[in-house]
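Protein chains: 4
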Amino acid sequence: MAAIKEACGLFGISSAHKEPIGFACHYGLYALQHRGQEGCGIALNTEGELSVHKDLGLVNEVFPRALSVDEEHTRMAIAHTRYGTSGERSRENVQPLLFRHHMGSMAIAHNGNLTNDAALRCRFEKEGCLFHTTSDTEVIAYLICKHRLATGDIHKAIELAMDELEGAYSLLIMTSSLLIAVRDPNGFRPLCLGKLDDGYVFASESCALDAVGAVFVRDLQPGELCIVDKADQSLTSSLVHCNAIKSSLCVFELIYFARPDSVIDTISVHQARIRSGSFLALEHPCQADVVIGVPDSGIDAAIGYSRQSGIPYGIGFIKNKYIGRTFIQPKAGDRESGVRIKLNPIASTVRGKRVVLIDDSIVRGTTSKRIVRLLREAGAKEVHLRSSAPPFLHPCYYGTDIDSRKDLFACKYDHQQMMDILDVDSLGFLLPEQVVKLSDHQGIGFCSACFTGVYPTAVPKGASNA
Amino acid sequence: MAAIKEACGLFGISSAHKEPIGFACHYGLYALQHRGQEGCGIALNTEGELSVHKDLGLVNEVFPRALSVDEEHTRMAIAHTRYGTSGERSRENVQPLLFRHHMGSMAIAHNGNLTNDAALRCRFEKEGCLFHTTSDTEVIAYLICKHRLATGDIHKAIELAMDELEGAYSLLIMTSSLLIAVRDPNGFRPLCLGKLDDGYVFASESCALDAVGAVFVRDLQPGELCIVDKADQSLTSSLVHCNAIKSSLCVFELIYFARPDSVIDTISVHQARIRSGSFLALEHPCQADVVIGVPDSGIDAAIGYSRQSGIPYGIGFIKNKYIGRTFIQPKAGDRESGVRIKLNPIASTVRGKRVVLIDDSIVRGTTSKRIVRLLREAGAKEVHLRSSAPPFLHPCYYGTDIDSRKDLFACKYDHQQMMDILDVDSLGFLLPEQVVKLSDHQGIGFCSACFTGVYPTAVPKGASNA
Amino acid sequence: MAAIKEACGLFGISSAHKEPIGFACHYGLYALQHRGQEGCGIALNTEGELSVHKDLGLVNEVFPRALSVDEEHTRMAIAHTRYGTSGERSRENVQPLLFRHHMGSMAIAHNGNLTNDAALRCRFEKEGCLFHTTSDTEVIAYLICKHRLATGDIHKAIELAMDELEGAYSLLIMTSSLLIAVRDPNGFRPLCLGKLDDGYVFASESCALDAVGAVFVRDLQPGELCIVDKADQSLTSSLVHCNAIKSSLCVFELIYFARPDSVIDTISVHQARIRSGSFLALEHPCQADVVIGVPDSGIDAAIGYSRQSGIPYGIGFIKNKYIGRTFIQPKAGDRESGVRIKLNPIASTVRGKRVVLIDDSIVRGTTSKRIVRLLREAGAKEVHLRSSAPPFLHPCYYGTDIDSRKDLFACKYDHQQMMDILDVDSLGFLLPEQVVKLSDHQGIGFCSACFTGVYPTAVPKGASNA
Amino acid sequence: MAAIKEACGLFGISSAHKEPIGFACHYGLYALQHRGQEGCGIALNTEGELSVHKDLGLVNEVFPRALSVDEEHTRMAIAHTRYGTSGERSRENVQPLLFRHHMGSMAIAHNGNLTNDAALRCRFEKEGCLFHTTSDTEVIAYLICKHRLATGDIHKAIELAMDELEGAYSLLIMTSSLLIAVRDPNGFRPLCLGKLDDGYVFASESCALDAVGAVFVRDLQPGELCIVDKADQSLTSSLVHCNAIKSSLCVFELIYFARPDSVIDTISVHQARIRSGSFLALEHPCQADVVIGVPDSGIDAAIGYSRQSGIPYGIGFIKNKYIGRTFIQPKAGDRESGVRIKLNPIASTVRGKRVVLIDDSIVRGTTSKRIVRLLREAGAKEVHLRSSAPPFLHPCYYGTDIDSRKDLFACKYDHQQMMDILDVDSLGFLLPEQVVKLSDHQGIGFCSACFTGVYPTAVPKGASNA
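Residue numbers (this note's numbering), protein chains in the order written: chain A, 367 to 832; chain B, 367 to 832; chain C, 367 to 832; chain D, 367 to 832.
The set of hints was computed from the structure by calculation and includes no laboratory data. Treat the hints with care, as some may be off.
Any copy, or any two copies together, can satisfy a pair, since identical chains are not distinguished.
Below, computed lysine to aspartate or glutamate pairings styled on DMTMM-like, alpha-carbon distance capped at 20 Å [unchecked claim]:
id, residue 1, residue 2
1, Lys-522, Glu-491
2, Lys-384, Asp-563
3, Lys-685, Asp-662
4, Lys-687, Asp-662
Construct all of the structure, not just a fragment, from the sequences and the given hints.
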């Protein structure tokens, strides 16, 4: 039940005439809502004219009614869901961003985080450029614009921009005639391609292809650039930035961010989580009566633990699905533990039992502590906590909102202290060497820097590993 | 994945001084949102003055901000969530209803359906009474008012009203000084009592007690009337209408309506559903590779089937929890099957497998047919459908919105036809004689008239069993 | 610039087929918005089925989009704007009220105030009737219902109800087939009749007839009852309750409530206000350089004063028309006088001049005092205040929200004290004997009880003239 | 009753500690709402940090509740109301615009229109700059930024930008420490300075100073640049761009745009309109019984005509002040003339009379035609139309939304044709030589290019006088 946030879901579509673009964008956004709940938006291409519709809020808040679209003439669009970090909720930063220019307008949507953002921004400002947002996406737009002016070609401009960009970026870019998808050479963030009868879909996760009835084709390769031309719905691919090095897919996509029904870089997210449970059962066995998972992302690993260990799987908690963003929090204090509005244990599952509890990760420890207490109050005799992520020890520079080291549970306490604080009978984490084996596909490489401190790229200047 | 609707969730609270009444009502409503999503409301008692706040919409729509309550002087409240039937969405019918009268105002919230509503309403209209709503709850209020005028006593008035009321009714009634809970003598609808440090809570389901940190005390007996006096927070109970006959708890509360973490009439809803899965595995075994449930209420039974049969349990579908009431439906038609926005199968669970699929019920067959098709498209080799409810054959007069016979799947087709239409390899229903054994408590009786046609009360005049 | 409030605007329409009923109701409500800004509503008759749409708020808040109406089958409607008194803003009380009954549903809209409301309500409650609202309109509905049950005839029922009703009531009543308009025998509140090509319109003021392009026919006589039959758009009139006594039109309708472009009981409101200015000039002359009026309702009287006196008319203030109900008030205190957001003087009109200032009335004196100060600050050399209403000395029981005696300026202070407090060089009120001469039509009688204490009906029991 | 639109209202404030900045901005915006109703916004300076709050809509829609401001630390702000042209309603263009830059952020609000906008924008785009808006204000921001980078000084940067800017611009610019006001060297748009006890206010019109209780100091000179330093609330003025040529105040500010209670460039708007009425009475006398004005801006001129001619002034129309932006328009067609929802004549004023009707201008003729028809229907015997603006014959390049020549009434028809179309008995326009005499202050020059075709600056390249 991680509270970690990450940057964004991407959805792009081009269809010659059959697909209702407005509806498709809605469905795509709904399917990717879990990747970003601060804001969302849709940029439309209507006979070459670009327009954008976006705001802070969930999809059903920003688009309470179907977006009115001239379906006959609007045949291309990109859409975006954005995550929210506290204090930075600003309407300006909601994407897609739309830039108007006499060489042609451009809409852009971005998932990831640059590591050389500050340096590039400073350079552009010194050249007299003005920024409207605090987003690194605007930096990407400026880089592309600069090279487009120089070369007169959007494709070349993006390739040249990629030479300068460092860090994590999956991009969707829409011009008056093209839909362009880009994945950074490390492949930090996912991006996949789907086929329609008369066009193409790009999406952060395959579940968004399913949502519009598109057929999954493949993941973009790290460094790949795909272009769909509105004129003839032709697809071209450029592999200039694909290099020999192993990819660096963020392992937390598998553990927590992605939907279990998605397949990312040939890996079924659900199966990867099942595997994490099996690893945990092998590495941290225990004698118990029931295995339960913390909803939603601990459930799959719990099934894996149960299968491997033979201990029966049970449903330990009901999560209230009506609690929305505007939920009025209970006052802090002693009575908090008694109030079980978001997560309520099923006593009949755990009463008098030795319980294995699987959570997706332990970041600050506060949530885990509270959940263990709920189980104790419901009558659990023993609680054996297993985390399907290794301990967080290092900051992330690629778009994941992991606390600074001083707040990280595993940085502050040793194993025994953690057990005491969490009030558990045993505690086990997935090993960092196991986390990169969650895929059953040997060819996929991972970034697990937050666990190991080994970063696949240079880190931002001035960043201390603290 | 029944689309059957039922009437309402009740929550009432009285606390001498500690409990923040406004927050408690919000939490109670959130916990009971699954019982009614058309509208909701809260009636407050502020130093004897009653006021009501309500509207059409979900809890977070009706109360986007915390209801402003004078917490010092507001020490009693009742709240209500209401279900929605098409065409009848009217703000007037949202509860609690508030009636002003020189003998004292009265707020009333109701779960259930009277069977002699029409006759009583007609009688009152002939006496010159005016009705503002189309709800049978207003009839109950008139009956109580009539007897209150005659006797001058609200307790006696309710007892006398109960002599005349027929059908299903769990009630919460609030006057300037009393909080009164009533359960009809058949006990069709649930109602339970919880204890606070300095007061009491009544709720349709125990999960709402958990939500406010109240300690479960017991279910109200069928026919019981409980009164909490604001003056001293004393609780008195009247058993005048409790009779020797076995209770008639609506069995669909266990199968579908209630939350799995609730305990109703001593039965854990989760365990009852697990039992239904075990019965299905015993009665309708099959050779298969994985057991999956249709979310949300088929999940528990699937675990039961898996445990009994030894066939591994798996997660077959992801349900999109962001799809709200305002979701824009895809256009009907061929492409519908390809659009998997609300429910998406996890292909890695079912591809190439023989699948046992557990659903909570099959009403019209259309949803089941679509779900089976999703599994086939995801690569399932065989689909064996099991329903944890018997076939629906008879109308319900107690507040459950079951289709008329001519639309009921099981009334229109024989077993082979059903299998052909649903495109399943085998099909099995829970037996009516098993459905009343879902409780492991011998003393609890059930109404299963919708399966058997045996009604525990007289049916409305003019009602044909069609 | 009176802050006095009064009850409500009425609009009813019946058209065989030409008039778009939904639009007509919107226009009617906009035209009558000045008579009530707390809430508004529309009751529609669609092939005999009644429905109601209403809420708290201004017309453009309650109906931000055009009400969706089946224009072909909806051929009759009544609408209502309601005024707001502090603390009583309740959605229940917004009209039209809709009552369902097996003898036929009935919608009712009411302007005025009964004087025997409490006695009637008590009588009905003792007979077992329940009230949903605190409005006396519900009492009228009960009376009509009682007699309808006894006689089986809605027309007779209303006539019999009128025998029992005391006080002020203009009514519009709609059944499945009839549109009925009633004016109380004293004619306290206005009500007029207009003609469409294929139907009729009733409205509180003739400006609402203009708004829908209806031709003014005549005012209803005090005590008259008009019925339009939907079947053939025939109009019948009953004069049973029309008696010989002189009418008692609320004189404040002319002075303040009504729109200047309305004609009420043959009197042009604009001309009546011009006449009030002429009376003031004759009775309270002064030597001055310019005559100005306080917007909006002092403007006409200022023109009258100017014409009679020969002193030039000028525009002294600009009123900010964008200040809505949600305007955030400045904090009280010294700086208040400097903040001129709602009303700003035009310095060039008054600087160095002797100014005659005409206001419609002086209730508490606070507003007048503030306005005089604005003029002084803008450079006025002398300020001669004239009020086009006599001093308020007595309470109103017919629906006008006049302060209790202890707060009335003219009850608390003598003439010199008033001049001192207001800081004016002279002060003059219209005489009570002049106020009944505002009409140039001899046959019209007025209620001016708030000035004279002479009430045209019995006053409510227990009411002290305080 | 011109439908001509113009660009925007400006309000800026700096106060050491006394003035509540949030409230002041609300009041300023309300006072300037008439200058722009498409959108509005407020930029705050909170201890040097800039933030902006803005949206499409009226002030009470964008700020339904008081903007939450840290009043202690927020001591400087600028605010803006924006006008709406059809088809261009975009949230991006709502001001103030906020630009973030490492040299310091900058908020900017603009009233007017550049004539060399396109050339400047193109130049910047070629240098690699990206534009978020279609507004020429962003061009101004880029110019300032360019020079700020070069000089490192915001004051010098603005002066250098003014060397390159052509056309109409009144500006408010806020940095982390300064509030800067600029008026273009022609003085097309107004801008004035007011004094608070502990700070300063700038506003487009003096009525906004009144709204916050500021004391009017003076108008900014054409070409003047004023800087208020937050550190010590000191005011400095630069006259570098003030030149000897006569100013070019848009004469339509006096005729139509400004509020009558404002004083612009020493001219009372109210008095200027009175003077226009006097000129009309001298130039186009007629024998009539009453003079009326079309609300709101024809009223003052009607009083002037009355005073000069001796014909009595009357109130001819009531304008419905509740009709908002969301008003549902009646369907076009014949019945339109009968529906008098926005503007209703007072029949008693005009029936049987010879009427002089004063309107502020005649652009397309359609509105005037309709108003004359209303008067005829209300019984006017003769209608003599007088326009307090000369005939529109030429386009405006300085921010006023005047129709292209082909739609202008006076370009299409000769005098007799106009009279026939409008159905008036006589027709008279203010003379172009009179329009520049509306001020009684000899030193003020005007732009009246729309009447004369004589433009005070070079016109945009490619602009044909059509």
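Now for the hints, and whether the structure bears them out:
In this assembly of identical chains, Lys-522 and Glu-491 lie within 20 Å of each other by CA distance solely across copies; the values are 19 Å between and 23 Å within a copy. In this assembly of identical chains, Lys-384 and Asp-563 lie within 20 Å of each other by CA distance solely inside one copy; the values are 8 Å within and 49 Å between copies. In this homomeric assembly, Lys-685 and Asp-662 come within 20 Å of each other (Cα to Cα) both inside a single copy, at 8 Å, and across copies, at 11 Å. In the homo-oligomer, the alpha carbons of Lys-687 and Asp-662 lie at most 20 Å apart both inside one protomer (11 Å) and across protomers (11 Å), since each shortest distance falls under that limit.
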